[in-house]
Amino acid sequence: MSKTGPVGKQKANYVEKAAMCIDLAVVPVAGRGTRLLPLTKSQPKEMLPVGRKPVVQYVVEELARCGIGRVLFITGPGKTAIENHFDIDAELIALLRETGKEELLAELAFEREDVQYLYTRQRRQLGLGHAVLCAEP
Numbered sequence: 000m001s002k003t004g005p006v007g008k009q010k011a012n013y014v015e016k017a018a019m020c021i022d023l024a025v026v027p028v029a030g031r032g033t034r035l036l037p038l039t040k041s042q043p044k045e046m047l048p049v050g051r052k053p054v055v056q057y058v059v060e061e062l063a064r065c066g067i068g069r070v071l072f073i074t075g076p077g078k079t080a081i082e083n084h085f086d087i088d089a090e091l092i093a094l095l096r097e098t099g100k101e102e103l104l105a106e107l108a109f110e111r112e113d114v115q116y117l118y119t120r121q122r123r124q125l126g127l128g129h130a131v132l133c134a135e136p
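Going by numbering that gives the first Met the number 0, the residue at position 102 of the sequence shown is 101; the numbering climbs one at a time, nothing skipped.
In short, the hints are calculated from the structure, not lab data. Model, not experiment: these values are computed from the prediction. Even glycine gets a Cβ: it sits at the ideal position worked out from N, Cα and C. Check before you lean on any hint, since a few could be wrong.
[Claimed, not checked] The list that follows gives simulated cross-link-like pairs (lysine to any residue, SDA-like), each with its CA atoms no further than 20 Å apart:
hint: 1; residue 1: Lys40; residue 2: Gly30
hint: 2; residue 1: Lys44; residue 2: His84
hint: 3; residue 1: Lys44; residue 2: Gln124
hint: 4; residue 1: Lys52; residue 2: Cys20
hint: 5; residue 1: Lys52; residue 2: Ile87
hint: 6; residue 1: Lys44; residue 2: Val54
hint: 7; residue 1: Lys44; residue 2: Cys20
hint: 8; residue 1: Lys100; residue 2: Arg51
[Stated by the list, open to error] Distance ranges between label pairs, derived from CB positions:
hint: 9; residue 1: Val131; residue 2: Thr98; range: 36 to 44 Å
hint: 10; residue 1: Gly126; residue 2: Leu103; range: 35 to 43 Å
hint: 11; residue 1: Val58; residue 2: Glu135; range: 17 to 25 Å
hint: 12; residue 1: Leu104; residue 2: Leu47; range: 21 to 29 Å
Please take these sequences and the hints and turn them into a complete structure.
Rendered as structure tokens:
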């Protein structure tokens with residue numbers, strides 16, 4: 000049977016409309032990463048590299064490609080590296096331009112994405128469900 004029949008088209012339209020309505024993504028990053036110790040003792044697990052990028056950057060880039068306009072990170076103690084990573088670093092951009100390293104500016108393209116980054120703290124580590132509840136206004 001073909002999936003392109005009336006039911007398949009209705010489902011595709013529903014998914015497309017639902018995606019257009021989603022503007023905020025919640026990214027829980029408060030955990031301590033104990034399974035990856037000692038690697039995560041001084042560096043958040045979300046900032047560990049996969050290739051030349053931290054894993055959390057791949058998440059944000061995919062969310063931006065899907066049209067998500069706001070990303071809310073649920074953070075915990077010692078997670079300032081995530082905020083620092085997604086801040087626009089005007090000094091670094093200027094340095095790359097001055098030193099003729101324009102090709103590296105493409106690596107910072109996520110800074111130019113039309114995405115607003117928000118942060119809230121999960122004060123007590125009570126699990127993933129609690130972290131998601133921290134996103135409530």
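Original post:
Which of the listed hints are broken here?
Top reply: As far as the earlier hints go, 4, 7 are violated by this structure, in ascending order.
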